[in-house]
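Novice: Chain U is already provided as a structure; the job is to place chain D on it using the hints.
Protein sequences, first through last, are from chains U and D. Count along the first sequence starting at 1, add 872, and that's the number in the numbering used here. Count along the second sequence starting at 1, add 76, and that's the number in the numbering used here.
Think of the hints as simulated: they come from the structure by calculation, not from any bench. What you are looking at is a predicted structure, and each value in this text was computed from that prediction instead of being measured. Heads up, the beta-carbon is just placed ideally off N, CA and C, and yes, glycines get one too. Please note that a few of the clues may not be correct.
List of simulated lysine to any residue pairs, SDA-like, C-alpha gap at most 20 angstroms [to be verified]: (1) 937(U) x 171(D); (2) 135(D) x 171(D); (3) 135(D) x 119(D); (4) 135(D) x 93(D); (5) 184(D) x 937(U); (6) 896(U) x 99(D).
A few chain U residues facing chain D, derived, Cβ under 10 angstroms [claimed, not checked]: (7) 941; (8) 943; (9) 958; (10) 984; (11) 986; (12) 1006; (13) 1017.
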Amino acid sequence: MEQPPQGGVEARGRESPLDREFMKVIRYLGGEEAVRVVEALRRMGEATDEVLANEVGIRINDVRKILLKLYERGLLSAIRVQDESTGWYIFRWRAQPDQVDTFIRSRRRKVLEKLKRRLSYEESRSFFRCDNCEEVYMPFDEAMERAFICPRCGAPLKGIDNSRAVERIRELIKKLEAE
Amino acid sequence: MSSRQKKRSSVEQDVLRLIMDAGDEGILQSELWKNMGVDSREGSRAILRLERRGLIIRKKELHSGRWTYRLFSRRKYATIDDIKDIPCTFCDLESRCGESEISPENCKMMTAWIISMLGEGAGR
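So here's chain U without its partners, still in its complex pose (with noise of 0.2 angstroms):
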């Protein structure tokens, strides 16, 4: 049986701040395409790939990559059915604000783990860098292995302190575990 639009934006009458999370992390997953299609999707309820794309004006194969992405994530549901005319199966979608909640906690705490494992590689070892080359940055090891000297431009590498950005990690797990 079909179900009726779940309550968006419009069933409730005001933004709530579910809404506005769900949007800002659609806005972050995929841009303002990501938002044109979630948006139409939310007015419209449920709809196809095919009617999406019309109603917003983006590519099917556009359209399609965005709700791919946002399905994976939880952030949209789909339901197949057979189309009466042609008798293939066509995907209808739905969002799913509600789900946002749940994906952030999910990110938090994948993030935290991340952020450990860097920290302790940062902690326990000294960095170089070259005076030239934005994105050469290598521990002691590796700088050794390369006899102090930049890869890029053979320039000589340097030791740096990476106190700052070991502290505002330690500032971010501190945060995360927190909760």
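Specialist: This is chain D only, laid out in the frame that chain U set:
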């Protein structure tokens, strides 16, 4: 779960959602009924159950000459704001990170982020 239990839990979810939406300001119990399709008797019971489970706090407040309660949620919505600039937050390779040749230690995005935080006086 019986249909009565289901209804009860759905009312609780709706109530909790509205209280969470109100954020730090909280919401007056009387306002809550206006925003919901449940009667106050059913809603009041849901509130007491939520309080017993430690999910909300009730504070007595005088409003238009009547005593009512202002309700606050203990649980806050998670926010993306303070992690949005960390490269792992929206990384497409996150699920493979640490399990393959990509790791938090050798990630170029992470290194670029570290470099951006070194600041002046980092010895360069």
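Novice: The hint names residue 943(U) as touching chain D; please verify it with the least Cβ-Cβ distance against 10 angstroms.
Specialist: This hint is violated: residue 943(U) lies away from chain D, its Cβ roughly 14 angstroms from the closest one there, beyond 10 angstroms.
Novice: Run the distance test for residue 937(U) versus residue 171(D): straight-line Cα separation, threshold 20 angstroms.
Specialist: holds, 18 angstroms
Novice: Is residue 896(U) within 20 angstroms of residue 99(D), Cα to Cα?
Specialist: Distance ~18 angstroms between residue 896(U) and residue 99(D) Cα, so the pair holds.
Novice: When you check the alpha-carbon spacing of residue 135(D) and residue 93(D), does it fall within 20 angstroms?
Specialist: holds, 18 angstroms
Novice: For residue 135(D) and residue 119(D), compute the direct alpha-carbon distance and say whether it is at most 20 angstroms.
Specialist: holds, 17 angstroms
Novice: Given the hint that residue 135(D) pairs with residue 171(D), test it: the Cα-Cα distance must not exceed 20 angstroms.
Specialist: violated, 44 angstroms
Novice: Measure nothing beyond the straight line between the CA atoms of residue 184(D) and residue 937(U); if it is 20 angstroms or shorter, mark the hint as holding.
Specialist: violated, 25 angstroms
Novice: Quick check on the hint: residue 958(U) CB to chain D CB, less than 10 angstroms?
Specialist: Violated, about 33 angstroms.
Novice: Checking hints one by one. Is residue 1017(U) an interface residue toward chain D, by the C-beta closer than 10 angstroms rule?
Specialist: violated, 15 angstroms
Novice: Hint residue 986(U) vs chain D: min CB-CB distance below 10 angstroms?
Specialist: holds, 4 angstroms
Novice: Would you check whether residue 984(U) satisfies its interface hint, that is, whether its CB is within less than 10 angstroms of any CB in chain D?
Specialist: holds, 9 angstroms
Novice: Does the nearest C-beta of chain D fall within a distance shorter than 10 angstroms of the C-beta of residue 941(U)?
Specialist: holds, 8 angstroms
In the structure shown, a violation is registered for the earlier hints numbered 2, 5, 8, 9 and 13, in ascending order.
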